[in-house]
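Asker: As given, the protein sequences belong to chains A and B, one line each in that order.
Numbered per the working numbering, the first sequence spans residues 293 to 1191.
Numbered per the working numbering, the second sequence spans residues -4 to 105.
Treat the hints with caution; some may be incorrect.
What the hints assert, rightly or not - 25 Å max Cα-Cα, derived DSS-like pairs, lysine-lysine: (1) Lys355/A with Lys62/B; (2) Lys53/B with Lys70/B; (3) Lys53/B with Lys363/A; (4) Lys965/A with Lys70/B; (5) Lys53/B with Lys360/A; (6) Lys965/A with Lys62/B; (7) Lys62/B with Lys379/A; (8) Lys379/A with Lys70/B; (9) Lys965/A with Lys53/B.
Unchecked claim - One side of the interface only, derived from the structure: several residues of chain B facing chain A at Cβ under 8 Å: (10) Ala46; (11) Arg49; (12) Phe71; (13) Arg73; (14) Ala76; (15) Arg83.
Stated by the list, open to error - Pulled from the structure, derived: some chain B residues nowhere near chain A, Cβ distances all over 12 Å: (16) Val16; (17) Pro18; (18) His20; (19) Ala23; (20) Gly25; (21) Ser32; (22) Leu43; (23) Glu51; (24) Gly52; (25) Arg88; (26) Trp89; (27) Ile99; (28) Leu100.
None of these hints come from the bench; they were simulated from the model.
A virtual CB, placed ideally from N, CA and C, is assigned to each residue, including glycine.
Below are the chains, spelled out letter by letter.
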Amino acid sequence: MARWPFLRSFSPGQVRSDVDAEIREEIELYLELRANELEDEGLSPEDARRVAQERFGDAEEIKRSLRKQAKRTRARRETTMTMSGLKQDLAYAIRSFRRSPGFTAVAVATLALALGGNTAIFSVVDAALLQALPFEDHEELVFVNGYHLTNGEVAIRGASFPEFRDWNERSRWVSPMAAVGGVSLSATGGDGAAEQLSTEIVSLDYFDVLLTRPALGRAFFPEEHAEVDAHPVAIISHRLWERRYALDPAALTSEIIINDRPLTIVGIMPEAFQGTDLANGTDLWVPDGLVSLIASPDLLESRGSRFLSVVGRLAPGGTVEEAQAELDVVARDLQATFPQAHEDRFAQVQEFRDGYLGDTGGLLWILMGAGIVLLLIAAANVANLLLVRSHSRTREFVLRRALGAEGSRVAGQLLTESFVLAALGGAAGIGVAVAALRILGPMIPNGALPGYVEAELSSTAFLTSLVVLVLVGLATGLLPAASSARIDIATRLREGSKGSAAVSLRRIRPQHVFVVAQVALALILLVGAGLLTRSFRAQLAVDTGVELEGIIAMRISPPNSRYDTNETLWNFSAELERRLGELPGVEGVSLSSRLPFRGGSSGAYIFREGDSAEERIRFHRHHVTPSYFETLGIELREGRLLNDDDRGDSSGVIVITDAMARRVYPGESAVGKMMSLRPDDGMPVEVVGVIEDVRYRDITTSLMEEANSPDVFFSYWQMPSRTLEVAVRTNSAATVVPAMRTVVSELDPELPIFQLEPLEEGRRTQTATPRFAAFLMSLFSGLAVLLACVGIYGVLAFTVGQRSQEIAIRRAIGASGVRVARAVVGDGLRLTLVGLLLGGAGAVAGSRVLETFLFGVEATDPATFVSVAGGMIAVAVVAAVLPALRAMRRDPAEALNSD
Amino acid sequence: MSGSDLFTGTLDILILRTLQVAPLHGYAIGRVLREGSEGVLSVEEGALYPALHRLEGKGLLEAEWGKTDTGRRAKFYRLTADGEAHLRTETARWAEFSVAVSSILGSETR
């Protein structure tokens, strides 16, 4: 009986009718003979037949029961045979793996690495792309992003309060809609220390949009939003409740001092709710009636102050497209009504997930693709190993066939071996995945993934990898099985144990196809890794104009309430700068409104002398102390830097960047030009100096592009800033950092310090995603190269083994060992070259998907292609050397005498 | 289903015992049982077949189609090695059992 029921030709109908006939015949015979016996005793033939039937009982019932029994017996027998066969196959498989531990280790390791890597990646992708966001019915949630479209360049900027109100009133498909202003406020007083709280200033429907309520207390009342500064209330997060109040219910209704203003806590949010900032979470919510906490209440009416993000829920039956079409109309109406404030201004409706993912989404799909390619390479490798192995076991199979094993029996054996390999590799693969996530998880740089993603092994990833595993097990097992089924015993026995001579490279065989495919796929991954790495390096190499190394930065926000005049602020700042400068080990100190790569921006408009309102120039405003340029290592190009005389009521001066000078005053010197902060020469300022270009934000767009507003520097002593970014240049950060804290708390113990860290951190966060992508891609391609190497080595080693007689004859008739070795290496290189050609074509096509993620390098960068292909050839030669050496060293006499 | 209400096991042992001598077809086995027990164990004669097939299914008997003396095609049953062993242990158990039963019954009648 066949061991694998599905491989057997099988016709149940035939079997059943045979059994029926036999049962009928058997019983008929009994009745006949019994009737004869009764006739002998003197009964008439009719009576004899009748009595025989009576004595027999219900013949039909008995027949039915016999048929049932026959069926049961057959089923039981088949199971026992299959089970014992399977057990035998398993035992045999394990024995044969024990006999070749090298093969087993390589195959299992290959599967484990590829599956583990893939499972780990897929777990992250699953978390980022597929798992639910931490909001009720999150599929209905959308962001409404205001953006400017100038010369085809999109620049997303927040919304202003009046703009949000216009959108909210006129949109039917996004309803409810709410505005969220993410700010950082300082909490003081009570038992807790002074600390900076990430805060959301929210409009009326915020909690309705996100479908949540405080777990304790209440949400904000409508009048708390509508009546400006009338209701000092706040809602706190569960984690703040835990951190600052040790979960004491009395926190509710108590007062918390926020930016020196006492607010009554009216609600505590559920633990799971973290606001819309999923990366950092939110600690405090205040109604937009309290906007004076951060600025003048005029903000509520200012169309130019754009700092709100807008969230909304699609109305029942609404789609993003419908909502978008509706808001397009609103945006155009606003452009017509407010030609200045809404020039080039649009609104974009975006699903929540897309908003959180940003560019990362596309990158994750690419990484997952890379993982799948790696899995394919691994599958090809294992198939190759099994195939090569099944060839070298030809003699064993021939023997077993000759001893009476059916072809299907041998195939079943191979299939079992494949499953055992796949199971071992799968189990080890899950282990690798867990380890990979544990090791790589913490290495995922901050900012590389959306905040809600937690790199944990997902069951979906696990199951998917399991399915892939079973498929791989089948595919890799069936190929050798198919080839073994073709074994013609008689021919093989005649030919001798070494099988046919058909294993020379001159004939294309499946294992050569596998090796070529492996090389090709590995090259594609390598090119991807090479391009991403180059792009990442190019980003690092961008001259930011600032010497980031050696600078410690911190941010403080002296509150309006205690620093209510410019003088108090200046006095505090001057003292702060002086004391920090006197600290031992400090080489330079400066105060400013912004430091590079630390977020935030405040845009404004500036005008050339004589220009009207239409010719405004958008710029980023900086307020800096004169030591700023020296401390940050920014070089002067023309004119002079700001100095200590640029203070108070002296005439306004600015320093601009080289890019701005070239854009605004092309072909002439900017120094000495007059500009103004209001149209028609209102609030004039003089350009006194031009500095080198400095990067504060994005490093991948050209500073000459219109969307990239230039930076303009004002003297801090002429215009102070409420937010103070302090830069301290030092070589001894370990002692200076605590000393900086001490200086601040001596000057004002109530003043929280925020983001005290090396200035390089911000830059690192900005390059986090490309760094992460380049790192993972390199890891994948490294594995791919390793696997391809194993493939090349395996095929060559096998060929050398099979051709040992031929090689021996060549040696015997005078070929040198070197020549033989060269031939073997040549075989390896031929396969590699074919693979490289195919892979190169694939990479040219495939690298286009990377295009949007690349900076400073073309998707078809020839240098990358050439160096990667060169590396692959070098590695292939190494993989070929071992088998070549074996061919060279083999004693010809021994080979010729062996069977 | 089996006609013997006495013991399914009893009929099985008797069948095995019958076949210890020679392979027989169903009618012959039935006749030996009927005549050997002098009608005491008269049951529905058809009950023999489920028992035979069950024993075959268990591997205690094996069956083969052959020819009777008169040239009729018939299914002959033969004891397997397993059947032989089973018969030995069951016979021993039966002997023990019947000694025990008859010693109790015997002491009562005495």
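Asker: Taking the hints in turn, state whether each one holds.
Answerer: Going down the list of hints, with the structure as the test:
1. Lys355/A with Lys62/B: Judged against 25 Å, a Cα distance of about 22 Å means the pair holds.
2. Lys53/B with Lys70/B: Between Lys53/B and Lys70/B the Cα gap is close to 17 Å, so the pair holds against 25 Å.
3. Lys53/B with Lys363/A: It holds: about 13 Å lies between the C-alpha atoms, which stays within 25 Å.
4. Lys965/A with Lys70/B: 120 Å, violated
5. Lys53/B with Lys360/A: With a Cα-Cα distance of about 15 Å, the restraint between Lys53/B and Lys360/A holds, given a limit of 25 Å.
6. Lys965/A with Lys62/B: 126 Å, violated
7. Lys62/B with Lys379/A: Distance of about 40 Å is beyond 25 Å: violated.
8. Lys379/A with Lys70/B: Cα-Cα ~34 Å, so violated.
9. Lys965/A with Lys53/B: 110 Å, violated
10. Ala46: 10 Å, violated
11. Arg49: 6 Å, holds
12. Phe71: The hint is violated - Phe71/B has no Cβ within 8 Å of chain A, the shortest such distance being about 11 Å.
13. Arg73: 15 Å, violated
14. Ala76: 17 Å, violated
15. Arg83: 24 Å, violated
16. Val16: At about 19 Å from chain A, Val16/B clears the 12 Å cut-off, so the statement holds.
17. Pro18: Consistent with the label, Pro18/B stays out of reach of chain A, its closest Cβ about 14 Å off (over 12 Å).
18. His20: It is violated; His20/B is separated from chain A by about 7 Å at its closest Cβ, not greater than 12 Å.
19. Ala23: 8 Å, violated
20. Gly25: It is violated; Gly25/B is separated from chain A by about 7 Å at its closest Cβ, not greater than 12 Å.
21. Ser32: At about 15 Å from chain A, Ser32/B clears the 12 Å cut-off, so the statement holds.
22. Leu43: 8 Å, violated
23. Glu51: Answer for Glu51/B: violated, closest chain A Cβ roughly 7 Å.
24. Gly52: Since the minimum Cβ distance to chain A is about 4 Å, Gly52/B lies within 12 Å and the statement is violated.
25. Arg88: Per Cβ check, Arg88/B is outside 12 Å of chain A; nearest 25 Å; holds.
26. Trp89: Consistent with the label, Trp89/B stays out of reach of chain A, its closest Cβ about 25 Å off (over 12 Å).
27. Ile99: Holds, because the least Cβ-Cβ distance between Ile99/B and chain A comes to about 34 Å, which exceeds 12 Å.
28. Leu100: 31 Å, holds
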